[in-house]
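Counting in the UniProt record's numbering, the sequence shown runs from 1 upward without gaps.
There's no promise every hint is true.
[What the hints assert, rightly or not] Using C-beta positions, here's what the derived DEER-type ranges look like:
no., residue 1, residue 2, range
1, Q214, A335, 42 to 52 Å
2, E89, T187, 19 to 29 Å
3, T206, C238, 44 to 54 Å
4, Y633, N488, 30 to 40 Å
5, K324, N688, 55 to 65 Å
6, N296, N146, 32 to 42 Å
7, G362, Y633, 47 to 57 Å
8, V734, N304, 37 to 47 Å
9, T100, V444, 52 to 62 Å
10, V444, V734, 51 to 61 Å
Just so you know, the hints here were simulated from the structure itself, not pulled from any lab data. Even glycine gets a Cβ: it sits at the ideal position worked out from N, Cα and C.
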Amino acid sequence: METTDPMIKKKSTSATSNSPMLWKVLAIVFIVISIALLIALIVVATKRQKSDEHPDKSQANQTSHGAASVESCADGMTSSSKDPPKSAEVFDDLSVDEITAVRDYLLKQAALNLTEFAKATVASSYIYSIQLLPPSKDEVLDYLDNDGAKPERKAIAVVFHGATDPPVVREYIVSPPASPAKHVVRTIPGGQNDSVPFNARPFDFTLEFGALDQAIISGASQKLYKLMYESYDGYTYCATSGKCLQFLFTAPMGFTGEDRYSWIFFIRGDAIGQYLNPIDLMILVDHGGSDISKWNILEVIYNNQTFDTIDELVAKYNNNTITKISIKTPKGEDALFSSYERRGDPQPSKPMRGPKLYEPDGQRYTVNGRHVSYMSWSFDFRMDTYSGIQIYDIKFNGERIVYELSLQEAAATYTGYYPVPSWNNFLDGAWGMGKSSYEMVRGVDCPDTATFFDLVHMFGIGKPQTFRNAVCVFELNTGIPLRRHYDNNFVNGYKFYGGMANQVLILRTVATVYNYDYVFDFIFYQNGVIEVKISASGYIFGAFYDSNMDPYAYKLHEHFTSGTHDHLINYKVDLDVGGRKNSYETIEIGIENITERWFPGPARRRVQKVLKRSVKKSELEAAFKYNFDKPMYLNFFNDAKKNRMGVKKGYRIQLGSMLKQLYPEDWIITPIFSWSLYQMAVTKYKANETQSSSIYNQMSPTVPQLDFRDYLMDDDAILNEDLVAWVTIGVMHVPHSEDLPNTATAANSAHFFIRPFNYFDQDPSIGSTNAILITPTGADPYTFTGQKVERYGTPVGPQCVPKEHKTVFKGVYG
């Protein structure tokens, strides 16, 4: 139907007549919008690129959540290197520049006759390691507490003098490391000598390993080529890819510092999880001294048969006068038994992300260099190249609780029928446990929110190396309340509910000492408690299996097992409770059998618990071996400091994972880790008793450089003295099929607590604003018409978008 409305005709005519102008306007608008969109896309892409490059700082300003816009989570407390704390440089590890300066200075000292590492051999004198020599406690506290002189930074260099006659090992103190001007020979802790025997030195995986290959293994394997090829499914000793065998060795290497010999054994080098792929061939090698031309083979084992020489074995093999073996390589799915490739039923059935940690109000701790502050806690930390992580000057509410809390040693002693694994008795310090803290993965090894730290070491190489993201610190909600109570009215409800989430700060590093991965945690609770924990993962140490191993282990795979072993970890805890003058007591929870006091009638007996306090007067009296018939509190207290109830302030050590050392004291390897004879020992602080173990103990078991029992034999008085506790924890491990491919941390951990004992007037966490108190608000106690929820100012407002932390793992160091 045709319209005749004049207004319509007018509008239509007008629109038609103005259409060229309209299209021009629309075109301009379209161009402007397109340019704006292009700019927006460039900005977003740039931000995404920066986010990928700097994942710790990445965050979107806003994101949609339903119909609403949600802000990104706040940054929280800032961390910076500005205005360094007073402790800066006192505990800080040496920098790359300092290590380099010390190295170059020593190389210029003609009297030392040192060779650059790149040109050195076992017969050379060369620098093996350089690291910080921590200042003495007296110097540090005089500086921190009394404004005394700042302790001079010093470096310690371990030098293998293979070129001297006789060859020896010496340590040199060099200062100042930034611009070295002097050096002195160090008196080595333990034996108090200025040198140790050359054969007691730690194994050098670069030079000594190469020398073993050159002097012994290459020549022997050439003679054994046919035997290897036929016995081990085509595997031979070679340096290329493919079916190549690699060699490893046992430790200790000998019985004293005057000899050095090892059982060499072989693994399939191309296997994923090579430690789980050993073969049965073993060679006993004498590699003592620095003249490799004198190194020689002492014995050979093949298929449980012994031979004096390689030539004897080869001749009998070729003459078919021995029993031969054929070990097939696992194939197909079976070959995955030692790998991390996913297999089995998917869990969950549909891939889904697990719970994530985020910080709605941002980070609640600060980091300044190696100085960390969290709630009432503060501390500094460093990493000893050999023994591992060390924490200093631990304070709560500004009061020093622990001067030094440090990892000292980790031991693992094995059993078995064959030399491997029966002669495996490892002290991980000698193998560079501190240097073995490699890069950790964000979101797995540490939460997404963690702060990471790099480490620098010079160990068994000619220059300092940087180990990226090797330590982390983070706050964690443990998922269990720190304290809580539901106060029942015993009629129909409650009088109040009070609780507080258990939020802690964790300092963590993971040391991968060849096959094992040790997760070392130091956990700081808001009620003044410190938990020290170690969790084991990684690969068990593989050994060849046949029925001879049945008394010592279980068969885990074809031709494969792992000997029963223990893990013993020793820590140093230098407690300063209210100052340096402390005493130590045990509080036994004993039993008394008394006449009933309160019931009328015939006399009755009452058996009940009673506290039996015993203040220890000397070091030998304080050496502690746990007796389940006499449970005890182990308390360090200050005679001059009392809480408001007049009770002496104390901190006690609570052992959560005790393990008895099973070997007798006169067994040949016991002296190298005699600290393991005690669950805890207490000594008077001495400037020359800084460590419980030595890197030279590993290779000289019967005559160790440092026998911890010597610390106790002088039996010093320990009443009102500066005291040090030496704590040993551990686990026993009988390897089982669930250890394949890896040991899991669950149920493979050990720990102890350092906890207040009448130190505070009340639980210090009562001051936390993260607590919650809920009370009913009805007209009477039994009518619940409402409730009051007190959060003490803690925000409960809108949600925020967690920062996006991209996983950036390089896995390399240098």
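Could you work out which earlier hints the structure fails to respect and list their numbers in ascending sequence?
-> 1, 3, 6, 7, 8, 9, 10
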